[in-house]
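**Q** Residues per chain, in single letters:
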Amino acid sequence: DAGVIQSPRHEVTEMGQEVTLRCKPISGHDYLFWYRQTMMRGLELLIYFNNNVPIDDSGMPEDRFSAKMPNASFSTLKIQPSEPRDSAVYFCASSPRHGGNQPQHFGDGTRLSIL
Amino acid sequence: AQRVTQPEKLLSVFKGAPVELKCNYSYSGSPELFWYVQYSRQRLQLLLRHISRESIKGFTADLNKGETSFHLKKPFAQEEDSAMYYCALRTGGGADGLTFGKGTHLIIQP
Chain A
1 DAGVIQSPRH EVTEMGQEVT LRCKPISGHD YLFWYRQTMM RGLELLIYFN
51 NNVPIDDSGM PEDRFSAKMP NASFSTLKIQ PSEPRDSAVY FCASSPRHGG
101 NQPQHFGDGT RLSIL
Chain B
1 AQRVTQPEKL LSVFKGAPVE LKCNYSYSGS PELFWYVQYS RQRLQLLLRH
51 ISRESIKGFT ADLNKGETSF HLKKPFAQEE DSAMYYCALR TGGGADGLTF
101 GKGTHLIIQP
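Keeping their order, the protein sequence lines are chains A and B. FYI, my numbering numbers position 106 of the first sequence as 106, with every residue one higher than the one before it. FYI, my numbering numbers position 15 of the second sequence as 15, with every residue one higher than the one before it.
Mixed in with the good hints there might be a few duds.
Unchecked claim - Cross-link-like lysine-lysine pairs, in silico, DSBU-like; alpha carbons within 30 Å at most:
1. B:Lys73 with B:Lys57
2. B:Lys102 with B:Lys65
3. B:Lys102 with A:Lys78
4. B:Lys57 with B:Lys15
5. B:Lys65 with B:Lys22
6. B:Lys73 with B:Lys15
7. B:Lys73 with B:Lys102
8. B:Lys102 with A:Lys68
9. A:Lys24 with B:Lys102
Calculated from the structure, these hints are not laboratory results.
Looking at chain A on its own, in the form it has when it is part of the complex:
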């Protein structure tokens, strides 16, 4: 198993542009999480899904951010329009159906730079 796969690994774009980050969870995992990592705030949960349904999006910073999970093997995180303060590393993680203390498996992250 290749683990959680994220693309692209790096993204550099100008402010105002739409940015789409992609994630493929581990097959069979029911939960998918999006995190953002910055120097100032560390790792923060943005949103998570269970069986493709968003459960908690309270961490999504603004309406400019949206996330979807159209099927069990794919999720996107979109920023439109992007701003320089959105520059961060965005991680996707997945975990099996809950059974208490199931670990989350992380992807390599997408390093996003908004100029």
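Got chain A; can you put chain B on it based on the hints?
**A** Below, chain B without anything else, positioned relative to chain A:
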């Protein structure tokens, strides 16, 4: 709201010396605590979890509810232990998202 505090951004110790990475949390319920590690150029991965009471790569961590702490310890540090270490808390009994500390960069000097 829950919070995880790792007071040390950077910790440098010599090879063979004991290591303790501090983690304190604030949460009114029964937390689930984890330590995640990120080695250079690798992805974040689970190191250990409190419910398992296990020792992984010589590391242990004990949940102290009285002190609301979950410090990570190893009696003899090895150079390959150099990495970023994150303490994390989950509040729900299921698969709720994790609340992370800001991490401690552990450097083991030869």
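**Q** Now tell me if each hint is right for this structure.
**A** How the hints compare with the structure:
1. B:Lys73 with B:Lys57: holds (11 Å)
2. B:Lys102 with B:Lys65: Given pair B:Lys102, B:Lys65 holds - Cα atoms ~21 Å apart, limit 30 Å.
3. B:Lys102 with A:Lys78: Measuring from Cα to Cα gives roughly 25 Å; hence the hint holds.
4. B:Lys57 with B:Lys15: holds (15 Å)
5. B:Lys65 with B:Lys22: holds (14 Å)
6. B:Lys73 with B:Lys15: holds (14 Å)
7. B:Lys73 with B:Lys102: holds (18 Å)
8. B:Lys102 with A:Lys68: holds (27 Å)
9. A:Lys24 with B:Lys102: Judged against 30 Å, a Cα distance of about 26 Å means the pair holds.
The structure is consistent with each of the numbered hints, conforming to all of them.
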